[in-house]
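Chemist: The task is to assemble the complex, starting from two chains supplied on their own in separate frames and drawing on the hints.
Those protein sequences? They're chains A and B, same order as listed.
Okay, so the first sequence: first residue is 1 according to the numbering used here, each after it adds one.
Okay, so the second sequence: first residue is 1 according to the numbering used here, each after it adds one.
It is possible that part of the hints are untrue.
What the hints assert, rightly or not - Simulated pairs of lysine-lysine, BS3-like, Cα-Cα distance not exceeding 30 Å:
1. Lys-6(B) <-> Lys-531(A)
2. Lys-108(B) <-> Lys-461(A)
3. Lys-531(A) <-> Lys-108(B)
4. Lys-467(A) <-> Lys-484(A)
5. Lys-108(B) <-> Lys-467(A)
To be clear, the hints were calculated from the coordinates, so they are not data collected in a lab.
The structure presented is a predicted model; accordingly, all values stated were derived computationally and were not measured.
Given next are the chains, with one letter for each unit.
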Amino acid sequence: MIPELGQLALILALLLAGMQCVLPLIGAVTGNMTWVRVGRPTAYASGLFVLLGFIALTISFVQQDFSVVYVATNSNSLLPLHYRFTAVWGGHEGSLLLWTLVLSMWTVAVALFSRNLPEIFLGRVMAVMGLISIGFLSFMLFTSNPFQRHLPGLPEGNDLNPLLQDIGMIVHPPLLYMGYVGLAVAFAFAVAALMEGRMDSRWVKWSRPWTNLAWAFLTIGITLGSWWAYYELGWGGWWFWDPVENGSFMPWLAATALIHSQAVTEKRGAFKNWTILLSLSAFSLSLLGTFLVRSGVITSVHAFASDPERGIFILAFLGVISGGSLALFAIRSAKLNSGGTFTLASRETLLLSNNLIFSVTTVMVLLGTLFPLIAEAFNWGKVSLGPPYFGFMFFIMMIPAIALMPLGPFSHWKQDNARRWFDNSIWIMLLTLVGAAAIYAAMMSFSPELIVWTSDDFLGKAWQFLKPWLGMVGALWVMLMTLKWTIDYVRKARARNAPLSRGLLGMATAHFGVGVFLIGVTMVISSSTEKDIRMADGESFDVKGYLFTFVGTDRYQGPNYLADRGHFEITYDGDYVSSLYPEKRSYLSGGDIMTEAAVDAGAFRDLFVSLGEPLTDDRDVWSVRIYHKPFIRWIWLGGLIIMLGGILAATDRRYLSRRTEETSKTVPERAVT
Amino acid sequence: MTPTRKRRVYMILIIIMGVTTAVSLMLAAMNKNMEFFYDPSQVAAGEAPVDQLIRVGGMVVEGSIVRTSNTLLTQFDVTDNAHSMTVSYTGILPDLFREGQGIIAKGKMNDTGQFIAAEVLAKHDETYMPPEVASAMKNKAAQP
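Next up, chain B with everything else stripped away, as it sits in the complex (with noise of 0.2 Å):
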C-alpha cells in the first residue's frame, strides 16, 4: 500500500470506529430510557409493570381529586372511558391540570398498585389531548 492509501485506510477505520461506539451508545441509552405507555384499561388488566418507569394518561375524573391538606399529595383519577385508575403525585400540578383535562404521567407502579407519578403532564393550550391518551380514549368508544 502507499503510505496515502495507507493514511485514507487508517482514517476510514478511526471514522468506522467512532460511529460504531456512538451507535451502539445511542441503542444501549435507548434501550434503559424508553418509556412505555400504558392506558387505563391495559392496567386494570395488570399489563403495567411494577417499578418501572412508564406513562399512564388518559382524563382526569370530574370530582375525584383529592388534596391533603398538609402536605404537596394529590391523588385523581384518570380515565379512558372504559377503566380508571388512581394517579398520586406530590409536588406542584401544571396550571393547565384540571378536572376533563387529558393529561400525561410518568412514574411508577408501586408492588400495592398505585400509581406514583413523579412527573404530570399537561398541555399550553386547553382544546389540546396528547395523541397517546386521543387513541386510547377512540379506541375504547369504538368498543361496545
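One chain only, chain A, in its complex shape (with noise of 0.2 Å):
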C-alpha cells in the first residue's frame, strides 16, 4: 500500500510540476497575471507530494518491505536501522528522488523567500524550476521507478552496498546534492532575465544569495566526499581525478567563476553576459556530472549503480536545458550593452582574470574527463587521461589564481593604479617569501629525504624541491594578504561608524580558507609517507619516528559482518600515543569485503593504518598499510572555512530586505570601493 501511494504522490508531483511550467508561462505572454501567480502554490504543492514519495520510500525502507524492487536491491534484513534511513538514496532510484526531492525543497525555498520579487519574473523562474523538475520526475517515473513491485515478495533482500554504511554517506549525498541542484536557482533565474529580455544588474542581485549557498553547499560536499574517501576507500588518498569526482569539481570551477562574475554584474553592469553564460553552463555542468555518475560510460572506481540506457535519458535531457538555455542566449545577446567601462589596472580586470583562470580550468578538467569518449570517436583506441596531467594542468592554472586573489580585495573598481597594489603588499609580499623558506627549511629538517639529489632527472628533482616553496608561498601570500585587507576593513568601518558588510567578510573567509587548504595541499603532497608492507604478529615498523608495533588480530561478528580486527600501538621516542583498530569485514550477505582504515587524527598529523590481506592460514601475517600524512585535515578543514564564507556572503544584510524590488527600477550604478 505505502509504495502505491508513493507512487501515486510522485504522479501527481509530476502534473503540478507541469502547470507550474506551463501556467506561468502562458500567463506570461497573455498577461494574465492569475496564471502568473499559480507558479508558487503549484511549487509548494509538488514539493510536497514528492516529500511524500520520499517518506514512503523511506518508510519502505525501515519496514523491510522486500516486494519493493528497489528496497530488496538494497538493503537486507541485517541492516541496521539507521543505514536503512540512508540505504534510500544507496542505488540509482533513490538517488534520483533524492535529487529531485533537493530540487523541489530550493524551489520551495525560492517562493517563500523571493516574494518581493516581480511577480512576472518569479513566475518565470517558477517554469523554469518547475521545467526541471519534470525531466527528473518523468524520468523516474518511467525509466527509474523506485517503487516498481517484485510480487511475490522477496524473502531477502541483497544488501546496501557496505562502502555506503558509513557516516560519510548518510551526510555527503545530501549536501553534494544540494549544491548540484541549488545552481539550478541560479540557471532559472538567468532564464528568466533572457525570457524578459531584461538582462541588467536586477536579476543578478537577486540571483547572488542562491549562487552563493548553492557554491557553499557544493563546497562542503566535495570536501566530504574527499574526506569519505580518504578513510572508506581505504587507499589514504584525497583525491583521485576521477571522472565521477571531476563530476562534481567541475560545476564548482564554474560556480566559483559564476559568483565572482555576479560581483562585477551586479556593482559595475559589466560582464553581463559571462554572468548570464557562467549560470547556464554550471548548471549545464552538473547535469553533465549526473550524466557521468549515472551512466558509468567513462571508467571510474566509484561510479554506483551505473546504466549507459538510463544515461542517454540524461544526456538528451541536458541536451534540451543546455541546448534550449544557449539558443535563447544567442538569441537575447544582441540585445545586451556591455555595460560599465574599467582601465587595465583595475577591480574589473582582477576579477576577469578570475574568470579566465576558472572558466579555463573548467575546459581543462572537461576536456580530460571526456578524453576517452573523444578518443574513441576520433578512432585513436581506448586512450584515458592519467591523474598527473590534471595535477599539473591544476598547479599551472592555480599560480597566476593564488597569485592575484589578494589583490582583489585591496583594489578599486573602474580605475586603480597598479603601484598603490604593489606599495600596498610589499611587506607583505616580503614577510611571505622569507616566512616561506623558514617553514621550508624546517620541513627539510624532518623530512631529509627530500634533499637527496640524483644526477638523473635533474629538472625533475628540482621540481619537486621547488614544488613545497611556491605551496607554501602561496599559503602565505593568501592569508597574510587576507588577514591584512580584514584588519584595514574592519577598522575602516569602524572610523566610520558603518556596520561591516557580511558579503565581504564571506569573501575575506573564504579566500583565507584556500589559504588554509593550500598549506594541507603543499604538507601532504611533498611530504607524505606511505608504507605497503608485510608484518607478522609483534613486529614493529619506524615511520618518521612513529614506531607502529602489530599486536595481532582477532574475529569479531558485527550486526550483518564478520571482521578481522587488527590491534596497533603506536609509541613515538617510548612514549605511548595512540592504539588503532582497522577491520577488514566480510559482509554477510553476499560476502563483499571491505576495508576499515584506522586513523589516529590529528591538527598537524593523521597516522593512518589498514589492513590488507591475510598472507599465511592462520592469520598471523598480514600486508598492512602505514600512512604518516602531515596536516590532511587542514586540506578539509580549507574547504569548511570556504563553505562558512559563501554562507556569510550569502545572508548579507542587503539580499535580505524585505522591500518590494518593483520600486526600485534601477540599481544605482555609483563604485563601491
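Modeler: In C-alpha cells form, the structure reads like this:
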C-alpha cells in the first residue's frame, strides 16, 4: 500500500510540476496575472508530494518491504536501522528521488523568500524550475521507478553496498546534491532574465545569495566526499581526479567563476554576457556530472549503480536544457550592452582574470574527463588521461589565480593604479617569501629525504624541491594579505561607524580558507609517507619516528558482518601515542570484503593504518598499509572555512531586505570601494 | 587609435596570450599523460609498447592468483577469453579484487614481456565491468 501511495504522490508531483511550468509562461505572454501567480502554489504542492514520495520510500526501507525491487536490491534484513534511512539514496532510483526532492526544496525556498520579486519574473523562475522538475520526475517514473514491485515479495534483500554503510555517506550525497541542484536556481534566474529580455544587473542581485548558498553546499559536499574517500576507500588518498570527482568539481569551478562575475555585474553592470553564460554552464555541468555518475560511460572507481541506457535520457535532457538555454542566449545576447568601462589596473580586470582562469580550468578538466570518449569517437584507440595531466594543469592554472586573488579585495573598481597595489603589498610579499623559506627549512629538517639529489632527472628533482616552497609562498601570501585586508576593512568601518558587510567578510573568510587548504595540500603532497608492508604478529615498523607495533588480530561479529580486527600500538620516542584497530570486514549478505581503515587524527599529522589481506592461512601475517600524512586535516578544514565564507556572504543584509523590488527600477551605478 | 581602443587591444592581446599558453600547456600535458589501453590479445600479438605507461585489463583467471609468502608480490592472469597474460603487482590489492572480476591494471611492460603493474583498479560494485574490458570481451566473443 505504502509504495503505491508513494508512486501516486510522484505522479501528482509530476502533474503539478507541469502546471508550475506551463501556466506562468502562458500567463506571462497573455498578461494574465492569475496564471502567472499559479507558479508559487503549484511549486509548494509539487514539493509536498515529492516529499511524501520520499517518505513513502523511507517507510518501505524501514519496514523492510522486500516486495519493492529497489528496497530488495539495496537493503537486507540484517541492515542496522540507521542505515536503512540512508539506503534510500544508496542506489540509482533513490538517488534520483533525492535529487528531485532537493530540487523541490530549493524551489519552495525560492518561492518563500522571493515574494518581493516582480510577479512575472518569479513566475518565469518557477516555470524553469518546474521544467527541470518535470525532466527528473518523468525520468524517474518512466525509466527508474523506485516503487516498482516484485510480487510475490522476495524473502531477503541483496544488501546496501558496504561502502555506503558509513556516516560519511549519510551526509555526503544530500549536501553535494544541495550544491549541484542549487545551481538550478541561478540557472532559472538567468533564463527568466533572458525570457524577459531585461538583462540588467537587477536579476543578478536577486540571484547572488542563492548562487553563494549553492556554491557553499557544493564546496562542503565535495570536501566531505574527499574525507570519506580518504578513510573509507582504504587508500588514504584525498583526491584522485576520477571522472566522478571531476563531475562534481567542474560545476564548482564554473560556480566559482560565476560568483565572482556576478559581483562585477551587480556592482558595475559589466560582464553581463559572462554572468548569464556562466549561470547556464554551471548548471549544465551539474547535469553532465549527474550523467557521468549515473551512466558509467567512463571507467571510474566509484560510479555506483551505473546503467548506460538511463544515461542517454540524462544526456538528452542535458541537450534540451543547455541547448535550449544557449539558443535563447544567442537570440537575446544582441540586446546586451557591454556596460561599465574600466581600465587595465582595476578590480574588474582582476575579477576578469579570475573568470578566465576558472573557465579555462573548467574546460581543462572537462576535456580531460571526456577524453576517453573523444578518443573513441576519433578512433584513436582506448586512451585515458592519467592523474598527472590534471595535477600538472591544475597547478599551472592556480599559480596566477593564487598570485592575483589577495589583490582583488584591495583594488578599486573602474580605475586603480598598479603602484598602489605594490605599495600595499610589498611588506607582506617580503614577509611571505622569508616565512615560506623558514617553514621550508623546518620541513627539510623533518624530512631529509627531500634533499637527496640525484644526477639523473635533475629537472624533475629541482621541480620537486621547488614545489613545496611555492605552495607555502602561495598559502602565506593569501592568508597574510587577507588578514591585512580584513584588519584594514574593520578598522575603516569602525572609524566611519558603518556596519560590516557580511558579503565582504564572507569573501575574506573564503579566501582565507583557500590559504588553509593550500597549506594542507602542500604538506601532504611534499612530505607524506606511504608504506605497504608485510607484518607478522609482534613486529614493529618505524614511520617518521612513530613506531607501529602489530599486536595481532582477533575476529568478531558485527551486526551484519564478520571482521578481522587488527590491533596496533603506536609509540613516539617510547611514549604511548595511540592504539589503532583497523578492520577487514566480510559482509554476510553477499560476501563483500570491506577495509575499514583506522586513523589517529591530529591537527598536524594523521597516522593511518589499514589491513590488506592475510598472507598465511592462520592469519598471523598481514599485508599492512601505514601512512603518515602531515596536515591532511587542513585540506578539509580549508573546505569548511570556504563553505562558511559562502554562507556568510549569502546572508548579507542587502539580500534579506523585504522591500518590494519593483519600486527600485534601477540599481545605483555608483562605484563601491 | 583612441586610448580606450588601445587599452582594449592590449587587454585582448593579454587574454589571447594567456589562453594560448594555457591551451598549449594543456596539449603538451595531454600528450605526455596519455594512457593507452591494450587487451590481452593485443599484448599477445606484441602490440603493447615496452617501458611505457599503459593500461591492460580483463577478467582475473580462476586459480591463477599466486602470492609469495614473504613479500607483497602477487601474480595473476587476466583474460579476454581469447588470450591471457600475466600481471605482477607488489602491494595491497583492492578489496574487490578476486577471481572472475573484471579489473584494470596500470603499469609498464618490461623487456622480458612481463607486465609490472603500479596500480590495480577493481570497482566498488561487484557487478561492474570496466567499459574497456567489457568491449574487449565482447569483441572476442563475437569472433569464433
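Chemist: Look at each hint and say if it fits the structure.
Modeler: Here's how the hints hold up against the structure:
1. Proximity of Lys-6(B) to Lys-531(A) is assessed by CA-CA distance (about 58 Å); at most 30 Å being required, the pair is judged violated.
2. With a C-alpha separation of about 22 Å, the suggested pairing of Lys-108(B) with Lys-461(A) holds against the 30 Å cut-off.
3. The hinted pair formed by Lys-531(A) and Lys-108(B) meets the criterion: a straight-line CA distance of about 21 Å does not exceed 30 Å.
4. With a C-alpha separation of about 26 Å, the suggested pair Lys-467(A) and Lys-484(A) falls inside the 30 Å cut-off, and the hint holds.
5. Among the hinted pairs, Lys-108(B) with Lys-467(A) is consistent with the structure: their alpha-carbon atoms are about 27 Å apart, no more than 30 Å.
Violated hint: 1 only; the structure is consistent with all others.
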